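Chain Z is fixed; fit chain R onto it per the hints.
Going down the list, the sequences are from chains Z and R. Everything in the first sequence is counted per the numbering used here, starting at 1 for the first residue and increasing by one. Everything in the second sequence is counted per the numbering used here, starting at 1 for the first residue and increasing by one.
It should be emphasised that the hints constitute simulated quantities derived from the structure, not laboratory data. It should be emphasised that the depicted structure is a prediction, and the values quoted were computed from it without experimental measurement. Be careful, since some hints might not be right.
In silico SDA-like cross-links for lysine to any residue, where the CA-CA straight-line distance does not exceed 20 Å [claimed, not checked]:
1) 357(Z) - 160(R)
2) 16(R) - 64(R)
3) 357(Z) - 229(R)
4) 16(R) - 83(Z)
5) 341(Z) - 74(R)
6) 194(R) - 80(R)
Derived CB-CB ranges, DEER-like [stated by the list, open to error]:
7) 182(Z) - 20(R): 25 to 35 Å
8) 17(R) - 66(Z): 41 to 51 Å
9) 131(Z) - 133(R): 54 to 64 Å
10) 246(R) - 357(Z): 12 to 22 Å
Cβ coordinates follow ideal geometry from the N, Cα and C atoms, glycine included.
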Amino acid sequence: MYVAVKGGEAAILNSYRLLAQQRRGNPALPELSVEQIMAQLRLAVDRVMTEGSVYDPHLAALAIKQSAGDLVEAIFLLRAYRATLPRLGYTQAIDTGRMALARRVSATFKDLPGGQLLGPTYDYTQRLLDFGLLATGTAPDAAASAAGPDPVPGSAPSEAAPRVIDLLNQEGLVEDQAVPAGDPEPFDLTRQPLRFPADRSARLQNLARADEGFLLAMAYSTQRGYAESHPFVGEIRFGTVDVCIVPEELGFEISLGDIAVTECQMVNQFKGSQSEPPQFTRGYGLAFGHSERKAMAMSLVDRALRAQELGEAVTAPAQMPEFVMSHSDSLESSGFVQHLKLPHYVDFQSELDLVRKMRQAIARESAAAEPDAGDAEHA
Amino acid sequence: MRDPHIQFAYLDERTKRMIRRAILKAVAIPGYQVPFGSREMPLPYGWGTGGIQVTASIIGADDVLKVIDQGADDTVNAVNIRRFFQRTTGVDVTTDTTAASIIQTRHRIPETPLREGQILVYQVPVPEPMQHLEPLEVETRKLHALQEYGLMHVNLYEDLAHFGQIATTYDYPVLVNGRYIMAPSPIPKFDNPKMHMSPALQLFGAGREKRIYAVPPYTSVESLGFEDHPFSVQRWNQPCGICGARDSFLDEVITDDQGGRLFVCSDSDYCAKTQAAATSSGTTL
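With the rest of the complex left out, here is chain R:
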């Protein structure tokens, strides 16, 4: 499967070492954005070049890789990135969340809880959580250094004042290890609680913006909120239309032009497993 004409995991070893050093620094300072010499990859910026560079720098021949986009293994971008690593490393790939040693993801955290030893690699479009409030990096760097996060809290408060609720539904800001405010990448806020005290190592790569950050295992990740308006996650009124799960994030699928809709798990592996369990235990939907 591996193309012998391409360097293992594409990047040259010196570049991988440079990236691993950035990762080590990121792990040592949870939530801090470490600048790194991001390379032009053979996939476009915005397609996951940060995550790809992180995965390429940590992957070994014995790793088992899972790649998801929107929670699913079979979306085109996930398929493309998985093919890239199959071609350049020849490692085993899987769709099974529990069987993977490295999971590269865009926009979701798997529903199946992660365990120690697993690494979750996030593709990050905008690493700076305050960029939409203050576009100058020189300024946001200062705000982080001084732990001056009033801007972010006021922004959330303004949502409450205008709409009666916080109008951020994905990429919902978190406070990591009680120190840095961090962008969790555009995962739905539904996934935020899974980051807290996770036994797995979480690495975040932003290729275009040239930043890497990390949440080490068993680190506190607190979604911002207010005492009288605590953080809360999305809930659905119906179960998954395919597997019947009531605890997963559901995508809405339009089934006809008469307003027909179906809600199904965005995590394709979780949906298949729940379906298999339901079938073997004889329950029907």
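Okay, chain Z solo, but in the shape it has when bound:
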């Protein structure tokens, strides 16, 4: 007699075992440590922290190790971990104007107070494979770079580097974005369901957690005619900022420590509307760690999503909040796309049945029609 093979517990347990073997790889090679990942796969750690919505390099590195380098899977691990963490309090808003800068570039002004600071960047590297890295151990110039500056300085905040956007603001050339009346609590996407229309705080949270690839493609589309926005990089800065909290029982600010963030202020041409004079408008991007591609894409999409607010025609996907925000999250998209792997026997059976019935109906009709056609020929 036929016995339905439908997998089961033993198969799942075996799959865990195989997965662990695959992750470890050749046991003759030393195991990768979480510390090594933190130190040497820094940009992967930063992406996982950003989209995982937890600033914890150690746990992000652990997630990368556990997921064998699949960053979307690592982001999932970190999100699932954070979902049940209790909320102990809320910090003050971070002040990126007081950032200890590791890098700061503006594409709009050649020089500006605080200067341009190239810092660590792949931008001007020549993308030639460095075969020197093939050899394990210390590279020849490692001793020199070890003595060099820390890529993320923890030095005193550089007071003399005001944000470019604030400089433009003094002349009134860029839209003013004052704190809304009553300074309302921002929407909390991790506790409240996303509903539309969504305010900008919900949008920015959604974009900050959005899949980098998705966001990049959306941003790119705005440069190719799908929502023209004439963007300029007002400023990108990367460095560390103080995170402060005001405990109720103390009543004054105390510092919890520093976090590294990347901020992008995009400045966009705006011809003005009936109520607004011609001026520059803004798009904003912020990400944990060193994540420039993410922060820039975020600021472009943020600006595009403000189309309706600014009275522009909404014609492109990047301008449609429901389209962008409903499809930006890698947990949601990866989960739902991959759920197609799950059994769908029942639905498919229903469709099989329908397709067969419809084919039978067509076959019957053409069979019934044929004799008539024959008669017509004779006549």
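Below, chain R without anything else, positioned relative to chain Z:
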């Protein structure tokens, strides 16, 4: 069996309370989609996170849990979700439909009729029945509020005009309590009549889309249709190849590469019981 390091049923109590409030609202407005602060679960979206969150919020230490996927208790995803609850709650689990107090399901309603006091928890991928006709939530919300369901009826009518029959075979839309059109989740339309006036409480959780809805016991659930083309369900020409049942939903299994096929019950518990009854009464297939 229960892992003492994990919170009972995984979710913290405040989250469970938030979800139970959403469930209460859903029960009070049958068929209405209640938004809730869906959490990231340790299983992926699309794997049943909505159903898992609903079950996690209502399950107690005395509950007896049954988990099915495609009608069967032994499909991998059902096994995985059952293991999750065994690990996080330590409750008794069963494959027996009549012994369960909570049944979490994906894509089927058990063949054995449910009774009062039982809760059927559905895993829902797409809670909005009109999403494939109107993707904007802002719009579909308005259509529900105004009870403006012309879009759905025209869609069904177009099927009739094109194919001579309604070409929806699963997730077949229903009207709940004469008010809201609801997606019954991708159960085959064969199962739709079981929802009508069911003595059991039916809860629907959509984790990715962050919605919960419900059909309270003894509530009218009407599958949409037309007077001249009334709703009808699938029928098979042959009985189950294993137990001989003629009243169950059958899965088609390919047995060789020569076109050999076998039709067997998708509900594994029902199939086993029918087989046992046939054996004890001495009938042979």
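Taking the hints in turn, this is what the structure says about them:
{"no.": "1", "hint": "357(Z) - 160(R)", "result": "14 Å, holds"}
{"no.": "2", "hint": "16(R) - 64(R)", "result": "19 Å, holds"}
{"no.": "3", "hint": "357(Z) - 229(R)", "result": "16 Å, holds"}
{"no.": "4", "hint": "16(R) - 83(Z)", "result": "13 Å, holds"}
{"no.": "5", "hint": "341(Z) - 74(R)", "result": "16 Å, holds"}
{"no.": "6", "hint": "194(R) - 80(R)", "result": "26 Å, violated"}
{"no.": "7", "hint": "182(Z) - 20(R): 25 to 35 Å", "result": "32 Å, holds"}
{"no.": "8", "hint": "17(R) - 66(Z): 41 to 51 Å", "result": "31 Å, violated"}
{"no.": "9", "hint": "131(Z) - 133(R): 54 to 64 Å", "result": "57 Å, holds"}
{"no.": "10", "hint": "246(R) - 357(Z): 12 to 22 Å", "result": "19 Å, holds"}
Figure legend: structure checked against the earlier numbered hints; hints not met, in rising order: 6 and 8.
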